[in-house]
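Participant: Guided by the hints, dock chain B onto chain A, whose structure is given.
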Amino acid sequence: MSGQLTITQLEKKANEVRQDIIRMLEAAGSGHSAGPLGLADIVTALYFNIMNIDPAKPDWAERDMFFLSNGHTVPVQYAVMAERGYFDVSELTTLRKFGSRLQGHPERTKLPGLENTSGPLGSGLSQAAGYAYTLQYIDDVKHRWVYVVTGDGELNEGNIWEAAMFAGKYKLSQLIVYIDRNNIQIDGSTDDVMPLEDLRGKWESFGWHVQEIDGHNVDSVIDAASMARAISNKPSIIIAHTIPGKGVDFMEYDYKWHGVPPNKEQAKEALKKLRTLDGKITSGDIE
Amino acid sequence: MHYSLNPDIYSESVKLEPIRAGFGRGLKAAGEANENIVALCADLTDSTQMSLFKAEFPNRFVEIGVAEQNLVTVASGMARAGKIPFTSSYAAFSPGRNWEQIRTTIALNDMPVKIIGSHAGISVGPDGATHQMLEDIALMRVLPNMIVLAPGDSIEAEKATKAIAENGKPSYMRLARDKTPIFSTEESPFEIGKAYVLKEGHDVTLLGTGAMTAQLLLAAELLEEMNVHAEVVHVPTIKPLDEDVILESVRKTGRVITAEEAQVAGGFGGAIAELLGEKLPTPLHRIGMQDRYGESGEPAELMTYFKLDGAAIAERTQRFISDVPRYHQGF
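Going line by line, the protein sequences match chains A and B.
Just so you know, my numbering puts the end of the first sequence at 287, numbered straight through with nothing missing.
Just so you know, my numbering puts the end of the second sequence at 331, numbered straight through with nothing missing.
Just chain A, with the same shape it has in the complex (with noise of 0.2 Å):
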């Protein structure tokens, strides 16, 4: 039940979902900007390809699952559930808002299609181990894939290190992880605040196959979860370099857009840019 669109139709939807989430984040008046931004390709590429869901039956047995661990990039996972039909479009920018299905860190118990809850960082990659376990030892289900987005600042937490011993000991080969290697997090860069390198180096020698990417480029992206899938003894990490703010010139690189939106006249620009790719066609072109 893949969406299976074209390389270019997924790099449009990306930039539609990157304009999804300028608007959300606008109307809710809080929230990460950059985060969400830079996963757009890679979170649109998991729903619209990679990942064997039906956002008709969100509980359907036979799906993949999706964990997202670092929960405060939850606009992205939104955006692309919406355009992905999970929900209408329209509720996106109830974002935040009291009474909303799409709280500010994603609850599984509001909304269906999110498979956990997270926000406080560092657990959702235990979660997924958890279900990968599940179908590998317990269920002996082989063809369910567990896959998982985590940031790289999150990866300073001590229960991260607890889930990369656990799937290398028990080698999850069904769990293939994606982490936003974008470089920043709320104080200032990775290498300032927490340095993680040697990252490969590191998940290497926890037991785990290692791809390095860029996560802009959606075939890239859907290339490296089926290598991931081929490998059949490891579980797997891809590490997914990309551009915090990813889409928005004046957004990109700033660890300052970490933890906020746009205000009314940054939406305006920001969307100017995505909807013109930045300067490169007209309006016209596209309205």
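Hints are computed from structural coordinates only; laboratory data are not their basis.
Treat the hints with caution; some may be incorrect.
Said to hold, decoys possible - Here are the computed lysine to any residue pairs in the SDA-like style, where the Cα-Cα straight-line distance is at most 20 Å:
1. B:K54 <-> A:Y170
2. A:K169 <-> B:G168
3. A:K110 <-> B:G82
4. A:K110 <-> B:G168
Facilitator: This is chain B only, laid out in the frame that chain A set:
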């Protein structure tokens, strides 16, 4: 309802057994009854008594290593996959170390994970204050969705284990290391959310949870010799409290003593104070740990020192009754 009390409870030859032993038997039985039961342990499989389950169902047992945060979050993921995970460690570590993970991924996430906190209370003994978990009741009973149990003896722990295996809710069960008197029988009732009158009386209500209920029974016997007729109510479910049974007893006696092997602040005594404060203000004395940690020593020695044994409770109750008038003021 008549409670089937072990007739040997007042005898020196009463059978003693660690409460955790009942958990071990209950988990094995629950595993036989339901193949979705799985068990996860953080490197304490024998001492938390998960070894019986592990021997019977090796494929449904998961060794997590000394990683309590991972213990409960992996369990949350297994519950998402349709399993009923039991997690065990010492209470000082789970829920002591991993409380936020329990809050977010189990309680808020409403996953039927069972958190078994073994070796709770000062009766852990020689290991000392670091391992004598006293704050677990307070930590767990403030969590919405969470059921909190402290069974009174090994027979009741077996029943409680089977009950939480099938209740579909996040649940915490507090267990003790030391051998404690068995006051119930196989015939005694156990239901989540119910409290039980073990001995009737009209001068004071003694409310006990966990192994302290046995000490209350001993105290009540001593009090009879002092012509004080105490009612003993066993409260194995701390959340949700059986308000009907507790308030009915308190209306009759007009004085309340609580007993627990935990901090009274926020603990079982805290829960009872909240209930009475809102619904039936009544003179209350809370026996337990009074804003301090434990220390190394033999369990019996510590129970005497901290005035948690039957004799100390009887003495304290008698003083309470002579100091405080009976008071009835329902709303």
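Participant: It remains to establish, for every hint, whether it holds in the given structure.
Facilitator: Hints versus structure:
A hinted pair counts as satisfied when its Cα atoms are at most 20 Å apart, and K54 of chain B with Y170 of chain A qualifies at roughly 17 Å. Using a Cα cut-off of 20 Å, the hinted pair K169 of chain A and G168 of chain B is violated, with the two alpha carbons roughly 30 Å apart. Our distance criterion of 20 Å between C-alpha atoms is met by K110 of chain A and G82 of chain B, whose separation comes to about 19 Å. A C-alpha spacing of about 18 Å is found between K110 of chain A and G168 of chain B, which places the hinted pair at or below 20 Å, so the restraint holds.
Violated hints amount to a single one, hint 2; each of the other numbered hints is respected by the structure.
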